[in-house]
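Below, each chain spelled out in residue letters.
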Amino acid sequence: MPEITYLEALRQGMFEEMERDESVFMLGEDIGRYGGAFKVTDGFQDRFGEARVIDTPISEAAIVGAAAGAAHMGLRPIAEMQFMDFVACAYDILTNYVATARYRAGLSTPIVVRGPSGGYVRGGPFHSQNPEAGFFHTPGLKLVCPATARDAKGLIKSAIRDDDPVLYFEHKFLYRRIKEDLSDTEEILTPIGKARIAREGTDLSIVTWSAMVWKALDAAEQIEREDGASIEVLDLRTLLPMDDEAVTATVRKTNKLLIVHEDTRTGGVAGEITARINENAFEWLDGPIMRVTAHDTPIPYAPTLEDYVLPQTADIVKSARWLLAY
Amino acid sequence: MTTSVVDHPAVAAGLSRQQLLEIYYYLILTRSLEERLVNLYRQGKVVGGLYRSLGQEGESVASAYALDAGDMLSPLIRNLGSMLVKGAKPIEVLRQYMAKETSPTGGREMNLHFNDFDLGYLGQISPLGDMIPVMAGICLSFKMRGESRVGLVYIGDGGCSTGTFHEGVNFAAVLCLPLVVIVEHNRYAYSTPTARQCRTQRLADKAYAYGIPGVTVDGNDVLAVYETTKEAVERARAGGGVTLIEVLTYRRKGHAEHDDQRYQPDAEIAEWAENNDPVRRYADQLLENGWASRDELDEIVERVDQELERIVNDCENDPAPASDEKALEQVTAFPAQADGLWFRRLDA
Numbered sequence: 001m002p003e004i005t006y007l008e009a010l011r012q013g014m015f016e017e018m019e020r021d022e023s024v025f026m027l028g029e030d031i032g033r034y035g036g037a038f039k040v041t042d043g044f045q046d047r048f049g050e051a052r053v054i055d056t057p058i059s060e061a062a063i064v065g066a067a068a069g070a071a072h073m074g075l076r077p078i079a080e081m082q083f084m085d086f087v088a089c090a091y092d093i094l095t096n097y098v099a100t101a102r103y104r105a106g107l108s109t110p111i112v113v114r115g116p117s118g119g120y121v122r123g124g125p126f127h128s129q130n131p132e133a134g135f136f137h138t139p140g141l142k143l144v145c146p147a148t149a150r151d152a153k154g155l156i157k158s159a160i161r162d163d164d165p166v167l168y169f170e171h172k173f174l175y176r177r178i179k180e181d182l183s184d185t186e187e188i189l190t191p192i193g194k195a196r197i198a199r200e201g202t203d204l205s206i207v208t209w210s211a212m213v214w215k216a217l218d219a220a221e222q223i224e225r226e227d228g229a230s231i232e233v234l235d236l237r238t239l240l241p242m243d244d245e246a247v248t249a250t251v252r253k254t255n256k257l258l259i260v261h262e263d264t265r266t267g268g269v270a271g272e273i274t275a276r277i278n279e280n281a282f283e284w285l286d287g288p289i290m291r292v293t294a295h296d297t298p299i300p301y302a303p304t305l306e307d308y309v310l311p312q313t314a315d316i317v318k319s320a321r322w323l324l325a326y
Numbered sequence: 327m328t329t330s331v332v333d334h335p336a337v338a339a340g341l342s343r344q345q346l347l348e349i350y351y352y353l354i355l356t357r358s359l360e361e362r363l364v365n366l367y368r369q370g371k372v373v374g375g376l377y378r379s380l381g382q383e384g385e386s387v388a389s390a391y392a393l394d395a396g397d398m399l400s401p402l403i404r405n406l407g408s409m410l411v412k413g414a415k416p417i418e419v420l421r422q423y424m425a426k427e428t429s430p431t432g433g434r435e436m437n438l439h440f441n442d443f444d445l446g447y448l449g450q451i452s453p454l455g456d457m458i459p460v461m462a463g464i465c466l467s468f469k470m471r472g473e474s475r476v477g478l479v480y481i482g483d484g485g486c487s488t489g490t491f492h493e494g495v496n497f498a499a500v501l502c503l504p505l506v507v508i509v510e511h512n513r514y515a516y517s518t519p520t521a522r523q524c525r526t527q528r529l530a531d532k533a534y535a536y537g538i539p540g541v542t543v544d545g546n547d548v549l550a551v552y553e554t555t556k557e558a559v560e561r562a563r564a565g566g567g568v569t570l571i572e573v574l575t576y577r578r579k580g581h582a583e584h585d586d587q588r589y590q591p592d593a594e595i596a597e598w599a600e601n602n603d604p605v606r607r608y609a610d611q612l613l614e615n616g617w618a619s620r621d622e623l624d625e626i627v628e629r630v631d632q633e634l635e636r637i638v639n640d641c642e643n644d645p646a647p648a649s650d651e652k653a654l655e656q657v658t659a660f661p662a663q664a665d666g667l668w669f670r671r672l673d674a
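Protein sequence lines, in the order shown, are assigned to chains A and B.
Residue numbers for the first sequence follow the working numbering, beginning at 1 and rising by one.
Residue numbers for the second sequence follow the working numbering, beginning at 327 and rising by one.
Fair warning: there could be bad hints in the mix.
Below, computed lysine-lysine pairings styled on DSSO-like, alpha-carbon distance capped at 30 Å [said to hold, decoys possible]:
hint, chain 1, residue 1, chain 2, residue 2
1, B, LYS371, B, LYS652
2, A, LYS318, A, LYS179
3, A, LYS39, B, LYS579
4, A, LYS194, B, LYS652
5, B, LYS579, B, LYS556
6, B, LYS415, B, LYS371
Cβ pair distances, simulated, as ranges [unchecked claim]:
hint, chain 1, residue 1, chain 2, residue 2, range
7, B, LEU445, A, ARG47, 32 to 40 Å
8, B, SER649, A, GLY49, 49 to 57 Å
9, A, ALA88, B, ALA535, 56 to 64 Å
10, A, GLU22, B, VAL541, 47 to 55 Å
11, A, LEU285, B, PHE669, 36 to 44 Å
12, A, ASP163, B, TYR534, 52 to 60 Å
13, A, GLU22, B, ASP621, 50 to 58 Å
Among the chain A residues that face chain B by a calculated CB cut under 7 Å, a handful are [claimed, not checked]:
hint, residue
14, SER59
15, ALA62
16, MET73
17, LEU75
18, ALA88
19, ASP92
20, TYR103
21, ALA281
22, GLU283
Just so you know, these hints were derived from the structure itself, not from any lab.
The C-beta atom is built at its ideal place from N, Cα and C for all residues, glycine as well.
Chain A extracted, bound-state conformation (with noise of 0.2 Å):
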């Protein structure tokens, strides 16, 4: 089997699906000839045109909102946000009309918005955000946030294919730095909605996502080679839906649960994952729930300043043992 990178499995997910139904179509800021921003649409307008693959004007809202449009007519838009940062240009479009339409208005909106989220590249305030809790909190939409190659390839194809709107956040420091041998004839479809044991474990969870599933697993490495526990990781893929019953058995399975995300803290996923692991399972607690993430600040741009602000394999482990000694 071929070993590819995370990008490239994305790109072969949107290819083949582009392949499979010419209802899919692409729209985007320099994703035409350019090829995107970091060239994941490269080659696609040779391959289908200019038709399906549309250079747009720099217009977030316009993008999500002419993509909710060709939705309802039956298309399979997927928007490309040039960096996830700036997916907030297109709040209104997606909080009001996009996750609303189903629910008052029973239209179906099939859109992809997709784009590189996650810092670690020394991208500065406005090309390094994790903008996922800021849709969290929004009734009608689905968040999906791969961690692995395969994963980038099925989810990004689950979401192409989803009846409702999805929000895909890829992780630019995975692009080129996660490789992983994918066979180029199964026909990979992650489920959206479906967490994914990372690492088997006894003694704590870790429930994460994205860029930080990595982190996690480090750390779960290092505490069972220094200190002999094990650590469970717990990959959820999708924040919404979110699997409620994949954090339910793990902490039922370990009994001590550590969040780690790479967005700030407050008003984090973290926090709606704390209230419903009290709400489902507090008598199976061993200890606090703990939460490692970014601290509350933009994210600055210096080497050092990035480092200390997110979250790094040191800070998991530093609260992975003081959680398990509780």
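Since chain A is already given, all that's left is putting chain B on it; use the hints.
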């Protein structure tokens, strides 16, 4: 609608006598339906606000009338007439306003916020401007599929100040989409006069910045609006892209029924009511040119009155939607939020 008169093709604006009378029917239907709604509102039977289009029914009806059956429009709150022309039923509007279970949205949405894609209208949402990019996307689907269909979207003098207006019109212009944008210049956005929205005197001038044709038309001249829209629709259908049409009109009622209109001079309202009512102007035009008789117009008014009397009786006592778990359904198609029925645990 059928009339008893013998039809003659193209007596004015390319319209037959039968079509001219049909336009009159929709004008009367719009105005009368709103009057019925006012009665229901005063009886406390309308849930929430009531939004009138009094004095601007002409441009709604005439612009929508310029569309073909396969074309789509997205109305604003004062485009009841446009929706009726497209085939929305008065009883649906009544049920929407009264939040009935039997309404097109089952009580989930209000007033004119409902769709019928087969008939060709997409209900608006309240954030102004948002429907322009959405309609651009619908027009994009027409273009991608090689369909000879056109979209029409309404925006007001206030809505032109939004970012989505700019993004949507520019996007549609750049992609040369078959979209007609009607800017209803009715002088007030809630209480704010146009001079507080922009420095532009003629809102049609905004078209220049997008590189598209922009025209201003007397919005209370029904046939002028029809002809101007028709021309834009056919240009769009022929691949000529977006046109922006500013229709000059006047909002004679407040933003909504509760609005005391303290910011609108009485004399200004009276001037438009007495000398520039679109329905009266159109009726006079029909009569003066011999395109219709007084009896024919009276017959339409009578017929609309009877029709509305019946449907108000038919739906006034319809049930409200049940206050139960059905209110939680269809937020997404599948799967439902696993935690959505958390409250059931309390009963266990």
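Structure-based check of all given hints:
1. For the hint pairing LYS371/B with LYS652/B, the CA-to-CA distance comes to about 23 Å; that is within 30 Å, so the pair holds.
2. With a CA separation close to 28 Å, the supplied pair LYS318/A and LYS179/A stays within the 30 Å bound.
3. Simply put, LYS39/A and LYS579/B have alpha-carbon atoms about 54 Å apart, too far for the 30 Å limit, and the pair is violated.
4. The suggested pairing of LYS194/A with LYS652/B holds, with an alpha-carbon distance near 25 Å, which does not exceed 30 Å.
5. Under the criterion of a C-alpha separation no larger than 30 Å, the hint pairing LYS579/B with LYS556/B is consistent with the structure, at around 28 Å.
6. The suggested pairing of LYS415/B with LYS371/B holds, with an alpha-carbon distance near 19 Å, which does not exceed 30 Å.
7. Distance hint check for LEU445/B and ARG47/A: the Cβ-Cβ separation is about 38 Å, which falls inside the suggested range of 32 to 40 Å.
8. A hinted range of 49 to 57 Å for the beta carbons of SER649/B and GLY49/A is consistent with their spacing of about 52 Å.
9. Separation of ALA88/A from ALA535/B is about 25 Å and departs from the stated range, judged on CB atoms against 56 to 64 Å.
10. A hinted range of 47 to 55 Å is violated for the C-beta pair GLU22/A and VAL541/B, which are about 37 Å apart.
11. Taking the beta carbon of each, LEU285/A and PHE669/B are about 22 Å apart, not inside 36 to 44 Å as hinted.
12. Look at ASP163/A against TYR534/B: about 41 Å separates their beta carbons, and that is not inside 52 to 60 Å.
13. The beta-carbon spacing between GLU22/A and ASP621/B, approximately 56 Å, falls within the hinted interval of 50 to 58 Å.
14. With 7 Å as the threshold, the beta carbon of SER59/A comes within range of chain B, its nearest partner Cβ sitting at about 4 Å, so the hint holds.
15. Nearest Cβ of chain B to the Cβ of ALA62/A: about 4 Å, under the 7 Å cut. The hint holds.
16. With its C-beta approaching chain B no nearer than about 4 Å, MET73/A sits inside the 7 Å limit, and its interface hint holds.
17. For the restraint placing LEU75/A at the interface with chain B, the shortest Cβ-Cβ distance is roughly 5 Å, inside the 7 Å limit, so the hint holds.
18. At a threshold of 7 Å, the smallest CB-CB gap from ALA88/A to chain B is about 12 Å, leaving the interface hint violated.
19. Annotation: interface hint on ASP92/A holds; nearest CB of chain B at approximately 6 Å, less than 7 Å.
20. The beta carbon of TYR103/A comes within 5 Å of a beta carbon in chain B, closer than 7 Å, and the hint placing it at the interface holds.
21. A distance limit of 7 Å between C-beta atoms decides the matter here; for ALA281/A the minimum to chain B is near 12 Å, and the interface restraint is violated.
22. Taking 7 Å as the C-beta contact cut-off toward chain B, the hint placing GLU283/A at the interface is violated, the least distance being around 13 Å.
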